[in-house]
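Chemist: Chains as they are written, first to last, in our numbering: chain V, 2 to 138; chain U, 8 to 140.
The set of hints was computed from the structure by calculation and includes no laboratory data.
This one's a predicted model, so the numbers in the text were calculated from it and none came from an experiment.
Take these hints with a grain of salt, some might be off.
[To be verified] Among the chain V residues that face chain U by a calculated CB cut under 8 Å, a handful are:
1. V24
2. L28
3. V37
4. R123
[Claimed, not checked] Taking lysine to aspartate or glutamate pairs in the DMTMM-like style, the calculated list, with each CA pair at most 25 Å apart, reads:
5. U/K83 x V/E41
6. U/K65 x U/D23
7. V/K133 x U/D121
8. U/K75 x V/D17
A virtual CB, placed ideally from N, CA and C, is assigned to each residue, including glycine.
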Amino acid sequence: MRKHRGSTQTDEVDVDMTPMLDVVFILLIFFIVTAVFVQEQSISLVPPPPSKDEPDKSNPVILIQITDRDVIFVNDQLTDLRRVGPAIERFRADKGNSSILIVPDDDAHNGVTIKVFDAAKRTGAPTMIQRKSAQNS
Amino acid sequence: MAGQRPSEEMEEAELDMTPMLDVVFILLIFFIVTAVFVKEPGVDVNKPLWSVDLPTEKPTIMAAVDNKNQIWIDKKIVPLAAVPTILEKMKAENPKAEGVIQGDQFAKIGTVLDLQNIFLAKKISVKVSVKNQ
Chain V
2 MRKHRGSTQT
12 DEVDVDMTPM
22 LDVVFILLIF
32 FIVTAVFVQE
42 QSISLVPPPP
52 SKDEPDKSNP
62 VILIQITDRD
72 VIFVNDQLTD
82 LRRVGPAIER
92 FRADKGNSSI
102 LIVPDDDAHN
112 GVTIKVFDAA
122 KRTGAPTMIQ
132 RKSAQNS
Chain U
8 MAGQRPSEEM
18 EEAELDMTPM
28 LDVVFILLIF
38 FIVTAVFVKE
48 PGVDVNKPLW
58 SVDLPTEKPT
68 IMAAVDNKNQ
78 IWIDKKIVPL
88 AAVPTILEKM
98 KAENPKAEGV
108 IQGDQFAKIG
118 TVLDLQNIFL
128 AKKISVKVSV
138 KNQ
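Let the hints inform the model, and build the full structure from the sequences given.
Modeler: What follows is the structure, given as structure tokens:
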């Protein structure tokens, strides 16, 4: 008799968790399924805000133009994509610490422009991208 | 005796679910907290190559430009003129959003920069996605 009473007491304390577990499982599965861990390697093409203490005009700018046919001109010299880095180095050796301005035509391709940007960044020079249309207006 | 046996059997059948429930709850909370509902552009682009390894980021607003120069946002092709309103809506849902533009290697840089200007006009920080070689 005493044993029996003890067993009913534990039965009362034991709340049935199964429906709650079901709900929690469904929520869990929903969040697992909808979780997207997007990871992107990305670079900023946005020019930094102009600093006041360092006027840009002190250094000559290396101008890299990319035409609508992905032809690259570094300071008006026709340059192969693979030779952009060395060309920049040469101009920088001549003219000191100049910054780089990349002016792609609007019809130039993204891949080429990014590659030129990459090559320019690798030389360590401050690099900016400016649109051709923005420059004209 | 006859009354006792069924109760013993029931106790054996009933597993203690509490530790499991704890684990499931912790997992649930983890997934709720980390859930960012990123609307992927829905197009596979051939990203431009980059020479050095860059830190990965977790963007929340994504737009893509494919090799036919079409803009994709949230699995739909959208005209450039419709992008500002879409971005406005996405930013309202997620004010601290960071944008990423996935441009194909053969997308026109003009379109990518147009998109970038729209992102910046809506005060969303934006970067252009690249792939490490």
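Chemist: Please go over all the hints and tell whether each is borne out by the structure.
Modeler: Here is what the structure says about each hint:
1. At its closest, the beta carbon of V/V24 sits 10 Å from a beta carbon of chain U; the interface hint therefore is violated under the 8 Å criterion.
2. Interface restraint check: V/L28 against chain U, minimum CB-CB distance 6 Å, threshold 8 Å, status holds.
3. Checking V/V37 against chain U: minimum C-beta separation of about 5 Å stays under 8 Å; hint holds.
4. Nearest Cβ of chain U to the Cβ of V/R123: about 6 Å, under the 8 Å cut. The hint holds.
5. A hinted pair counts as satisfied when its Cα atoms are at most 25 Å apart, and U/K83 with V/E41 qualifies at roughly 20 Å.
6. A C-alpha spacing of about 39 Å is found between U/K65 and U/D23, which places the hinted pair above 25 Å, so the restraint is violated.
7. Simply put, V/K133 and U/D121 have alpha-carbon atoms about 12 Å apart, close enough for the 25 Å limit, and the pair holds.
8. Of the pairs offered as hints, the one joining U/K75 and V/D17 is violated, with about 59 Å between alpha carbons and a cut-off of 25 Å exceeded.
Consistency note: the structure conflicts with the earlier hints numbered 1, 6 and 8.
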